[in-house]
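Colleague: Numbering-wise, our numbering comes out as the position in the sequence shown, counting from 1, plus 5.
Treat the hints as calculated values from the structure; they're not laboratory data.
Some clues are possibly wrong.
Derived CB-CB ranges, DEER-like [claimed, not checked]:
id, residue 1, residue 2, range
1, GLY77, ASN97, 44 to 52 Å
2, THR99, MET230, 34 to 42 Å
3, GLY212, ARG166, 35 to 43 Å
4, ILE84, ARG166, 26 to 34 Å
5, HIS234, GLU81, 35 to 43 Å
6, LYS267, LEU116, 31 to 39 Å
List time: in silico DSBU-like cross-link candidates among lysine-lysine, alpha-carbon distance up to 35 Å [what the hints assert, rightly or not]:
id, residue 1, residue 2
7, LYS270, LYS223
8, LYS205, LYS252
9, LYS158, LYS214
10, LYS205, LYS267
11, LYS252, LYS267
12, LYS266, LYS252
13, LYS270, LYS228
14, LYS158, LYS228
15, LYS223, LYS252
16, LYS214, LYS252
17, LYS228, LYS267
18, LYS252, LYS228
19, LYS266, LYS158
20, LYS270, LYS205
21, LYS214, LYS270
Glycine included, every Cβ here is placed at the ideal spot set by N, Cα and C.
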Amino acid sequence: MKLEQWTGKIIGGFLGLLSGGPVGLLIGLLLGNVFDHVNGRFRGEQTSHAEGQNIFFRVTFLVMGQMAKSDGRVTEKEIQQARFVMDQMGLNETQRRAAIELFTEGKSPHLDLEHEIQQLMRSVGRRGSLIQMFLEIQVSVAYADGELSLQEKHLLDRVCRIMGISALQFEYIHARVRASQEQFRGQFNQSFSRSADELKLAYQILGVKPDCSDTALKRAYRKLMSEHHPDKLVAKGLPEEMMQMAKEKTQEIQTAYDKIKKHRKAQ
């Protein structure tokens, strides 16, 4: 089996495990599906399907390595986690070596980050969903040890500048990733206490600001529910086995929306 055939699975597994839950894994699987089905439509200036997958795979692992090393050294905890991830993905020796070599290469201070990112941008073109997924992966890696160091923040800022991502766009991605992590780690559960922190997370999960209008809130809610509807995801290629995770994601969105509506009605 060729390496590119594993790209979606590898990226999905990494994102899911590093972000700490099924939400990230679902995002990763969607990434693989989008890449497989959308990338083949675009030719011309953009790379071929297989080459595009390989570039995404390469740059993703390179930047992940750079992210892990950015604050001085890769900790034993990060190494153990990386090994665990490789085991969970069931990579064969060839695939495992390729991922490890790229991750290790990415730790080098001589990595030409700008060149690699520009190559990625030429590959994905204007497909914003792939750019967003790439950044979500990197944010998840940056928070692998539970916090974001100043060096990791600087590296993320640099990556965004190279990719042409605005501070506002990145903050949206950052907030969504962090909200999902907080939710999975038990700081935001379905019982929803009345704490201000949980209300804040609800807004972050829906990707809106607390002062947004009811119309904007409903629009964001409907958009997310449509994008994550289990039946639609299966129709797009999501395995039947992943239906439960899709349902959990829609439940998360629904619960967040209900929490906000209840809070607003009480005011």
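Colleague: Run every hint past the structure and note whether it holds.
Modeller: Consistency of the hints with the structure:
1. GLY77 - ASN97: 44 to 52 Å: 32 Å, violated
2. THR99 - MET230: 34 to 42 Å: Holds - the Cβ-Cβ distance for THR99 and MET230, about 40 Å, lies within 34 to 42 Å.
3. GLY212 - ARG166: 35 to 43 Å: For GLY212 and ARG166 the Cβ distance comes to about 22 Å; the hint is violated.
4. ILE84 - ARG166: 26 to 34 Å: 29 Å, holds
5. HIS234 - GLU81: 35 to 43 Å: 41 Å Cβ-Cβ, so the 35 to 43 Å window holds.
6. LYS267 - LEU116: 31 to 39 Å: Once the Cβ atoms are compared, 48 Å apart, the range 31 to 39 Å for LEU116 and LYS267 is violated.
7. LYS270 - LYS223: 14 Å, holds
8. LYS205 - LYS252: 23 Å, holds
9. LYS158 - LYS214: 22 Å, holds
10. LYS205 - LYS267: With a Cα-Cα distance of about 14 Å, the restraint between LYS205 and LYS267 holds, given a limit of 35 Å.
11. LYS252 - LYS267: 22 Å, holds
12. LYS266 - LYS252: The given pair, whose Cα atoms are some 21 Å apart, holds under the 35 Å limit.
13. LYS270 - LYS228: Given pair LYS270, LYS228 holds - Cα atoms ~22 Å apart, limit 35 Å.
14. LYS158 - LYS228: Distance of about 29 Å is within 35 Å: holds.
15. LYS223 - LYS252: 19 Å, holds
16. LYS214 - LYS252: 25 Å, holds
17. LYS228 - LYS267: 20 Å, holds
18. LYS252 - LYS228: Holds. LYS252 to LYS228 sits at ~16 Å (cutoff 35 Å).
19. LYS266 - LYS158: 34 Å, holds
20. LYS270 - LYS205: Between LYS270 and LYS205 the Cα gap is close to 16 Å, so the pair holds against 35 Å.
21. LYS214 - LYS270: 17 Å, holds
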